[in-house]
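Engineer: All chains, please: the whole structure from these sequences, using the hints.
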Amino acid sequence: MIALAGVYHPGSSALHRCPAGIKLFVLCVVGTTAMIVGSLPVLGAGIVLLAVGYAIARIEPRAIWRLSRALLVVVAIIAVIQALVSGLTAALVLAARLLLLVGAANLLTLTTPTSALIDVIERVLGPLRRFGVDPGQVGIAVALTLRFIPVIATQAARIREAQAARGVRSYRSFLLPLVISTVRMADGVGEALTVRGFQAGGARHG
Amino acid sequence: MIEFRSVSHRYGDRPTLQDVTLRLVERRIGVIGPNGSGKSTLARLCNGLVKPTSGTVLAEGHDTTRETAAVRRVTGFVFQDPDTQILMPTVAEDLAFSLRPLRLPAAEVARRVDAQLEAFGLVDHRDHPAHLLSGGQKQLLAIAAVLMTDPAIVLFDEPTTLLDLRNKHRVMETIVGLSQQIVVVTHDLDLLDRFDRVILIDEGRVAADGAPGETVAFYRKLILG
Numbered sequence: 001m002i003a004l005a006g007v008y009h010p011g012s013s014a015l016h017r018c019p020a021g022i023k024l025f026v027l028c029v030v031g032t033t034a035m036i037v038g039s040l041p042v043l044g045a046g047i048v049l050l051a052v053g054y055a056i057a058r059i060e061p062r063a064i065w066r067l068s069r070a071l072l073v074v075v076a077i078i079a080v081i082q083a084l085v086s087g088l089t090a091a092l093v094l095a096a097r098l099l100l101l102v103g104a105a106n107l108l109t110l111t112t113p114t115s116a117l118i119d120v121i122e123r124v125l126g127p128l129r130r131f132g133v134d135p136g137q138v139g140i141a142v143a144l145t146l147r148f149i150p151v152i153a154t155q156a157a158r159i160r161e162a163q164a165a166r167g168v169r170s171y172r173s174f175l176l177p178l179v180i181s182t183v184r185m186a187d188g189v190g191e192a193l194t195v196r197g198f199q200a201g202g203a204r205h206g
Numbered sequence: 207m208i209e210f211r212s213v214s215h216r217y218g219d220r221p222t223l224q225d226v227t228l229r230l231v232e233r234r235i236g237v238i239g240p241n242g243s244g245k246s247t248l249a250r251l252c253n254g255l256v257k258p259t260s261g262t263v264l265a266e267g268h269d270t271t272r273e274t275a276a277v278r279r280v281t282g283f284v285f286q287d288p289d290t291q292i293l294m295p296t297v298a299e300d301l302a303f304s305l306r307p308l309r310l311p312a313a314e315v316a317r318r319v320d321a322q323l324e325a326f327g328l329v330d331h332r333d334h335p336a337h338l339l340s341g342g343q344k345q346l347l348a349i350a351a352v353l354m355t356d357p358a359i360v361l362f363d364e365p366t367t368l369l370d371l372r373n374k375h376r377v378m379e380t381i382v383g384l385s386q387q388i389v390v391v392t393h394d395l396d397l398l399d400r401f402d403r404v405i406l407i408d409e410g411r412v413a414a415d416g417a418p419g420e421t422v423a424f425y426r427k428l429i430l431g
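Which chain is which? The protein sequence lines are A and B, in order.
Just so you know, we're using the numbering used here here: the first sequence kicks off at 1 and counts up by one.
Just so you know, we're using the numbering used here here: the second sequence kicks off at 207 and counts up by one.
In short, the hints are calculated from the structure, not lab data.
Being a predicted model, the structure only gives us computed values, none of them experimental.
We put the CB at the ideal spot given by N, CA and C, even for glycine.
Hints may be right or wrong, so weigh each one.
DEER-style ranges, computed between Cβ atoms [claimed, not checked]:
id, chain 1, residue 1, chain 2, residue 2, range
1, A, S13, B, D415, 56 to 62 Å
2, A, V179, B, L338, 21 to 27 Å
3, A, L72, B, R272, 52 to 58 Å
4, A, P177, B, G431, 34 to 40 Å
Rough simulated footprint, nothing fancy, chain B against chain A, three-plus residues with beta-carbon under 8 Å [said to hold, decoys possible]:
id, region
5, 7–21
6, 123–133
7, 148–157
8, 173–180
Structural biologist: Rendered as structure tokens:
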């Protein structure tokens, strides 16, 4: 199974106890810096610091491997293409950026309960209410994304199996059923949100 | 209590329910019928997920068209596929998510989540990713999540269809043991023995309505001859 996003891993480490708002802020800083800085040593130092973060959070090596396995494959493919197009240094910089960004985002989701993330997003986006943005809905959308990445990945694996069973290999016969099943799932999720007290347009009935 | 007063419903030009009048007061009610007969629409009408084209549906006295919020407070709905119903990444988080609209203090949320995990035998799975649970565990979690807000009525749309025999039995035992009024749409006729009333829907109309044995026998005769 592909697992590019970490699911909350309960614990009592300093990173687990750190407020979600601070972690989200640090993630923003790391992300922005990684995109601005093109220095390989700096990005490398960032990856080392990230590894220290995982050690502090006491995430089991097996869990890290499970998460990074799929990421490494994706990064390797992108890096090879980049190396062919723009050269080795550019490819290494891009690979380091991706590792740092996805690794930091994973560390956030691994050490932060989803409800805390939703709360922070609601608070941060609060001022945007006057422009018609519903912070609650944005928070829930982020949480749903985290929840449904593995579900959609499982669905993709099933479709690939079905293709293999029939000896078919084409992007069209893979993407079409995946998109249809995802849209159907989105329909079901919408209904599930409705019956659990969350309405479109932001109104809640408590 | 759920009441249907001369309810009809159509999807576009296709009628799905025609002039249905029912008063559902029994605690355990089954709804059976062939595919496309309108039984899922009947369940969705009960909590306002689907609105009647004509007529009125009342849930605990609340009009499902005009008082949607009140209807959702008194009803819970469990779908066939728990994968779309479990909305948070881990088991405990999904249970807590049901309480989010109530804005309860964190300690109270934690207390209720712990109690529900215990009641549904999910304590050992508390922090497990929901997508890694078995089909039966997922459906139990979906039921547990719906019950977090203690609705008076719980509606089930084919809750055991995707389950193996063991999980089907476990989930059905849980459903039958609930203290709430339950309305279960199902194809599993053997599971209806302990129900108080079974309604057969065929071609959008109530074709039979009565004790489980009689209604199921009528259904078998209708379909199998």
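Engineer: Take the hints in turn and mark each one as holding or not.
Structural biologist: Checked hints:
1. A/S13 to B/D415: 56 to 62 Å: holds, 59 Å
2. A/V179 to B/L338: 21 to 27 Å: holds, 25 Å
3. A/L72 to B/R272: 52 to 58 Å: Holds, at about 55 Å.
4. A/P177 to B/G431: 34 to 40 Å: Once the Cβ atoms are compared, 37 Å apart, the range 34 to 40 Å for B/G431 and A/P177 holds.
5. 7–21: Satisfied; 4 residues make the cut.
6. 123–133: Per the Cβ count (0), the hint is violated.
7. 148–157: Our answer is that it holds, as 3 residues pass the Cβ test (under 8 Å) against chain B, meeting three.
8. 173–180: violated (count 0)
Checked against the numbered hints above, the structure breaks hints 6 and 8 and satisfies the rest.
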